[in-house]
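J.: Sequence:
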Amino acid sequence: MGNDGHGVGGRNTTTSSSTMWRWSAYGLYGQTVKYTFLITNVLSVVFSLITFSYGAWLYHNRSQYYELLAPSLYVDVCLIMMVISSLVVVNSVIAVYSVLKELRCLIYSFSTASVILCFSLLIGGIMGLVFRQKLVQTPLHLKMNTSLKELYGLSDMTAITLAWDSLQREFRCCGVNGTEDFTIWRTSKWHMHHREPKPAFPQSCCVPERLAECVERSITMDKEMSNGIRPSMEQLVGEAAPTSAEAEASVAQNQQQLPADASSSSSSTIFMTNFTGSEAAAFYTNTCYMPFRTDLLSVVHVAAWLSISCSFYLLVPAFFATFFAKLVKK
Numbered sequence: 001m002g003n004d005g006h007g008v009g010g011r012n013t014t015t016s017s018s019t020m021w022r023w024s025a026y027g028l029y030g031q032t033v034k035y036t037f038l039i040t041n042v043l044s045v046v047f048s049l050i051t052f053s054y055g056a057w058l059y060h061n062r063s064q065y066y067e068l069l070a071p072s073l074y075v076d077v078c079l080i081m082m083v084i085s086s087l088v089v090v091n092s093v094i095a096v097y098s099v100l101k102e103l104r105c106l107i108y109s110f111s112t113a114s115v116i117l118c119f120s121l122l123i124g125g126i127m128g129l130v131f132r133q134k135l136v137q138t139p140l141h142l143k144m145n146t147s148l149k150e151l152y153g154l155s156d157m158t159a160i161t162l163a164w165d166s167l168q169r170e171f172r173c174c175g176v177n178g179t180e181d182f183t184i185w186r187t188s189k190w191h192m193h194h195r196e197p198k199p200a201f202p203q204s205c206c207v208p209e210r211l212a213e214c215v216e217r218s219i220t221m222d223k224e225m226s227n228g229i230r231p232s233m234e235q236l237v238g239e240a241a242p243t244s245a246e247a248e249a250s251v252a253q254n255q256q257q258l259p260a261d262a263s264s265s266s267s268s269t270i271f272m273t274n275f276t277g278s279e280a281a282a283f284y285t286n287t288c289y290m291p292f293r294t295d296l297l298s299v300v301h302v303a304a305w306l307s308i309s310c311s312f313y314l315l316v317p318a319f320f321a322t323f324f325a326k327l328v329k330k
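Numbered as in UniProt numbering, the sequence shown ends at 330 without a single skipped number.
Do not rely on the hints blindly, as some may be mistaken.
Said to hold, decoys possible - Keeping only pairs whose Cα atoms sit at most 27 Å apart, straight-line, the calculated DSS-like set for lysine-lysine is:
(1) Lys329 <-> Lys101
(2) Lys189 <-> Lys149
(3) Lys189 <-> Lys143
(4) Lys134 <-> Lys101
(5) Lys198 <-> Lys149
(6) Lys143 <-> Lys198
(7) Lys329 <-> Lys189
(8) Lys223 <-> Lys149
(9) Lys149 <-> Lys101
(10) Lys134 <-> Lys149
What the hints assert, rightly or not - Between beta-carbon pairs, the in silico distance windows are:
(11) Glu213 <-> Ser86: 44 to 52 Å
(12) Lys329 <-> Asp295: 39 to 47 Å
(13) Phe119 <-> Asp156: 34 to 42 Å
If you're looking for bench data, these hints aren't it; they were derived computationally from the structure. Beta carbons are placed, not taken as given, at the ideal position from N, Cα and C, and that holds for glycine.
Starting from the given sequences, assemble the full structure and let the hints guide the process.
T.: Laid out in structure tokens, this is it:
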């Protein structure tokens with residue numbers, strides 16, 4: 001009987017030891033947790049590098065428009081994405097070393113840092129969503145109108161000038177919106193202070209391959225508009241001008257779509273827009289407001305949700321690292 005009790009106790013001890021071994025840092029479960037951490041940590045680094053790359057791309061290609069939108073949060077979002085992602089990569093490298101060497105203190109430090117970085121990146125993503133919401137609600141075209149008419153070309157407003165030139169070249173557009181197309185430049189201080197002969201619009205409105213032709217037409221158009229003469233279709237599109245019948249048909253069609261109190265200037269603008277495709281005209285006839293706004297909404301939307309997604313994923317390797325640290329008996 002005593003031998004039976006001793007045998008049962010021995011088996012229980014063996015089972016308990018086997019279970020404890022499995023849940024140690026060197027057992028099956030411990031090694032599973034360890035390698036799960038390593039895999040999720042590598043994915044975290046990859047995710048962070050993607051976030052960093054997108055933030056760097058966004059900053060490089062869109063930060064120059066900050067002056068047109070100031071105060072703007074999207075530049076701050078870019079900086080947060082780059083800085084926090086860089087810290088995540090450094091933190092992850094230290095974490096791998098800590099886990100492989102079973103340094104509990106450093107592992108816990110990694111987990112704590114991951115939580116802090118998570119909240120920092122989450123704040124950046126929320127800032128992006130806030131900026132996007134404000135962009136939807138704010139009349140951006142009014143800011144663009146003000147900067148174009150009052151600030152472009154001034155000696156102490158170089159940043160505004162560069163922003164507008166970059167915007168028009170990047171988006172292949174000219175002017176702001178609707179009736180405020182390329183003709184709006186003639187109402188600006190830049191045009192007012194420009195030496196004779198005055199161009200109707202800046203060179204950033206010109207198609208680069210046809211710059212000389214565009215500059216010549218711009219000066220001619222300005223002289224005609226100063227005399228109250230609307231630019232002819234030949235001046236707008238050169239040899240690609242439509243026939244008079246096509247032009248009249250387009251005007252009639254657009255006038256039917258206009259409200260009853262629409263001005264004749266609106267009809268004139270639509271007339272010119274319909275027959276001035278970017279392939280034919282020597283200058284850009286599309287306005288900048290809509291493509292600029294649409295682009296900003298799109299890129300900031302991606303940046304915001306990329307930051308938020310990456311922030312939450314940082315908690316995954318932090319969880320497994322903390323779990324593994326508890327299994328390390330040091």
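J.: Hey, Lys223 versus Lys149, does the alpha-carbon distance stay inside 27 Å?
T.: Judged against 27 Å, a Cα distance of about 20 Å means the pair holds.
J.: With a cut-off of 27 Å on the C-alpha distance, tell me whether Lys134 and Lys149 pass.
T.: holds, 23 Å
J.: Given the hinted pair Lys329 and Lys189, is their alpha-carbon gap at most 27 Å?
T.: violated, 75 Å
J.: Is the straight-line distance between the alpha-carbon of Lys189 and that of Lys149 27 Å or less?
T.: holds, 6 Å
J.: Can you confirm whether the C-alpha distance between Lys198 and Lys149 stays at or below 27 Å?
T.: Answer holds: Lys198 to Lys149 is near 16 Å, not above 27 Å.
J.: Could you grab the alpha-carbon distance between Lys143 and Lys198 and see if it respects the 27 Å cut-off?
T.: Distance ~25 Å between Lys143 and Lys198 Cα, so the pair holds.
J.: Verify the proposed pairing of Lys329 with Lys101, using a straight-line Cα cut of 27 Å.
T.: Holds, at about 12 Å.
J.: Does the alpha-carbon distance linking Lys149 and Lys101 stay inside the 27 Å limit?
T.: violated, 64 Å
J.: Does the beta carbon distance between Phe119 and Asp156 stay inside 34 to 42 Å, or does it fall outside?
T.: Holds, at about 40 Å.
J.: Would you check the hint for Lys134 and Lys101, treating anything up to 27 Å between C-alpha atoms as holding?
T.: Measuring from Cα to Cα gives roughly 49 Å; hence the hint is violated.
J.: Tell me if the straight-line CA distance from Lys189 to Lys143 falls inside 27 Å.
T.: Given that 27 Å is the threshold and the Cα spacing comes to 16 Å, the pair holds.
J.: Between the beta carbons of Lys329 and Asp295, is the distance compatible with 39 to 47 Å?
T.: Because 56 Å falls outside the window, the suggested range is violated.
Hint compliance for this structure: hints 4, 7, 9 and 12 are not met, and every other hint is.
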